[in-house]
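> In case you want the letters, here they are:
Protein chains: 2
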Amino acid sequence: MNLALLFGEDFVSAEQAVLTGRRLAHLKSVLKVAEGSVVPVGLVNGDIGTGHVLQLTDTQATLQVELPEPPPSPLPLTMVLAMPRPKMFRRVLQTCATLGVKDIWLINSYKVEKSFWQTPWLSEENLRENMVLGLEQARDTLMPRVHIRKLFKPFVEDELPALLKNTHALVAHPGTGTPCPVHINAPATLCIGPEGGFIPYEVEKLVEAGCEAVHLGRRILRVETAVPVLVSRLFDACS
Amino acid sequence: MNLALLFGEDFVSAEQAVLTGRRLAHLKSVLKVAEGSVVPVGLVNGDIGTGHVLQLTDTQATLQVELPEPPPSPLPLTMVLAMPRPKMFRRVLQTCATLGVKDIWLINSYKVEKSFWQTPWLSEENLRENMVLGLEQARDTLMPRVHIRKLFKPFVEDELPALLKNTHALVAHPGTGTPCPVHINAPATLCIGPEGGFIPYEVEKLVEAGCEAVHLGRRILRVETAVPVLVSRLFDACS
Numbered sequence: 000m001n002l003a004l005l006f007g008e009d010f011v012s013a014e015q016a017v018l019t020g021r022r023l024a025h026l027k028s029v030l031k032v033a034e035g036s037v038v039p040v041g042l043v044n045g046d047i048g049t050g051h052v053l054q055l056t057d058t059q060a061t062l063q064v065e066l067p068e069p070p071p072s073p074l075p076l077t078m079v080l081a082m083p084r085p086k087m088f089r090r091v092l093q094t095c096a097t098l099g100v101k102d103i104w105l106i107n108s109y110k111v112e113k114s115f116w117q118t119p120w121l122s123e124e125n126l127r128e129n130m131v132l133g134l135e136q137a138r139d140t141l142m143p144r145v146h147i148r149k150l151f152k153p154f155v156e157d158e159l160p161a162l163l164k165n166t167h168a169l170v171a172h173p174g175t176g177t178p179c180p181v182h183i184n185a186p187a188t189l190c191i192g193p194e195g196g197f198i199p200y201e202v203e204k205l206v207e208a209g210c211e212a213v214h215l216g217r218r219i220l221r222v223e224t225a226v227p228v229l230v231s232r233l234f235d236a237c238s
Numbered sequence: 000m001n002l003a004l005l006f007g008e009d010f011v012s013a014e015q016a017v018l019t020g021r022r023l024a025h026l027k028s029v030l031k032v033a034e035g036s037v038v039p040v041g042l043v044n045g046d047i048g049t050g051h052v053l054q055l056t057d058t059q060a061t062l063q064v065e066l067p068e069p070p071p072s073p074l075p076l077t078m079v080l081a082m083p084r085p086k087m088f089r090r091v092l093q094t095c096a097t098l099g100v101k102d103i104w105l106i107n108s109y110k111v112e113k114s115f116w117q118t119p120w121l122s123e124e125n126l127r128e129n130m131v132l133g134l135e136q137a138r139d140t141l142m143p144r145v146h147i148r149k150l151f152k153p154f155v156e157d158e159l160p161a162l163l164k165n166t167h168a169l170v171a172h173p174g175t176g177t178p179c180p181v182h183i184n185a186p187a188t189l190c191i192g193p194e195g196g197f198i199p200y201e202v203e204k205l206v207e208a209g210c211e212a213v214h215l216g217r218r219i220l221r222v223e224t225a226v227p228v229l230v231s232r233l234f235d236a237c238s
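From first to last, the protein sequence lines are chains A and B. Residue 138 in numbering that gives the first Met the number 0 sits at position 139 of the first sequence, and the numbers go up by one each step. Residue 175 in numbering that gives the first Met the number 0 sits at position 176 of the second sequence, and the numbers go up by one each step.
It should be emphasised that the hints constitute simulated quantities derived from the structure, not laboratory data.
Ranges of calculated distance between the beta carbons of each label pair, as one might list FRET restraints: (1) G174(B) <-> Q54(A): 27 to 33 Å; (2) R127(A) <-> N44(B): 42 to 48 Å; (3) R21(A) <-> E124(B): 32 to 38 Å; (4) A161(A) <-> Q15(B): 50 to 56 Å; (5) K164(B) <-> P67(A): 41 to 47 Å; (6) Q54(A) <-> N184(B): 49 to 55 Å; (7) E65(B) <-> G195(A): 21 to 27 Å; (8) R127(A) <-> Y200(B): 36 to 42 Å; (9) T177(A) <-> V37(B): 25 to 31 Å; (10) H51(B) <-> E207(A): 32 to 38 Å; (11) Y200(B) <-> Y200(A): 56 to 62 Å.
Ideal placement from N, C-alpha and C gives every residue a C-beta, glycine not left out.
Using the sequences provided together with the hints, build the complete structure.
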């Protein structure tokens with residue numbers, strides 16, 4: 000937690016917020032704050048700044064909040080991800096939030112096991128909690144939007160073409176002939192398959208919808224590695 | 000496992016190998032092979048190719064092995080990593096192996112907790128097992144070398160300068176003024192701190208030894224995200 004993310008309900012007055020639970024525990028045990036300490040804070044979907052610890056008790060920390068700075072720039076990237084295995088999903092979601100991805104579409108694919116969709120990590124509350132962890136890591140405040148689409152074909156035929164409009168549209172597909180472009184630094188849509196990859200029919204449908212199939216070389220990467228590798232390859236702005 | 004990595008002791012003749020244990024279980028339960036199936040294989044520190052399943056029993060698979068191709072190119076990168084928290088270490092080690100890093104130095108740092116060095120993941124056997132998993136993911140065969148240095152100062156003063164010679168030497172340090180270069184595609188040495196970063200004294204010592212302190216922008220990344228982001232930023236060859 001490189002920043003404590005504050006929500007409207009944390010505020011007890013215009014400039015004072017009260018932290019409890021996980022954030023309080025982190026302030027105490029990791030950051031070892033005391034009354035008078037200053038910690039980085041941000042308002043969800045708002046600006047970032049500092050919180051002066053006015054009062055610290057066993058159950059809460061009261062912060063005097065100032066938010067003079069904007070959060071880091073979002074990536075102009077729409078991420079379309081075949082639903083990963085639950086344990087990996089949690090990490091991938093945090094990583095996407097940390098990297099500045101703001102638009103995440105979780106889709107079905109032949110190699111997505113049906114059970115993956117049953118994971119509690121897909122509940123509203125758990126999605127939010129993991130995105131908060133990812134944002135706090137990056138000192139970001141802008142909450143990503145997650146869209147769940149459990150049917151591949153209707154998504155790719157009916158919704159994807161509109162998402163792709165005016166973006167570099169790519170599907171990461173090991174074994175194709177075209178290397179993934181580098182530092183395009185422009186709006187992009189990136190489709191990443193499940194472990195084992197999209198099947199040929201799915202790649203065809205994605206290409207029909209307007210995606211270009213690109214590879215990252217001979218090495219096959221796990222989804223959780225491919226996400227940061229691709230993001231870093233497409234966007235080099237140290238913003 | 001996108002390739003079954005074979006060791007000398009797996010071979011029962013010049014061209015036949017016998018798999019048991021984890022690799023056998025994977026062939027059966029994930030790849031669902033039968034007699035006659037062909038699976039990708041590689042010889043540790045050697046070439047890659049195919050294994051024809053000649054015989055499959057409850058306890059072993061006998062493969063007829065052909066190895067006509069070289070493995071993917073190694074990255075010309077020496078990775079100097081403050082010892083991560085054990086759970087993360089395991090994933091980071093696998094990721095380094097998958098990405099083609101061949102030279103990994105695990106070093107101490109002020110924010111490395113003493114207990115991290117006690118992890119069983121640092122045993123010879125576990126290091127090898129996790130590097131095998133990372134290599135098998137990438138279809139690589141070239142086993143990385145891991146060096147353990149539990150004292151920061153002697154390593155940085157006595158060993159690091161020789162490692163840095165004729166390489167782009169970088170230390171990833173959020174908050175410094177210089178952005179990390181992109182696609183240098185040349186020999187590099189990359190130092191990555193622990194969660195919470197190297198302390199200023201450590202950065203000074205690394206800079207004295209010849210490293211340039213560079214940042215990745217405003218976002219602070221976890222070590223497991225920083226590794227693929229940095230590798231992808233420095234090397235764009237889709238080899």
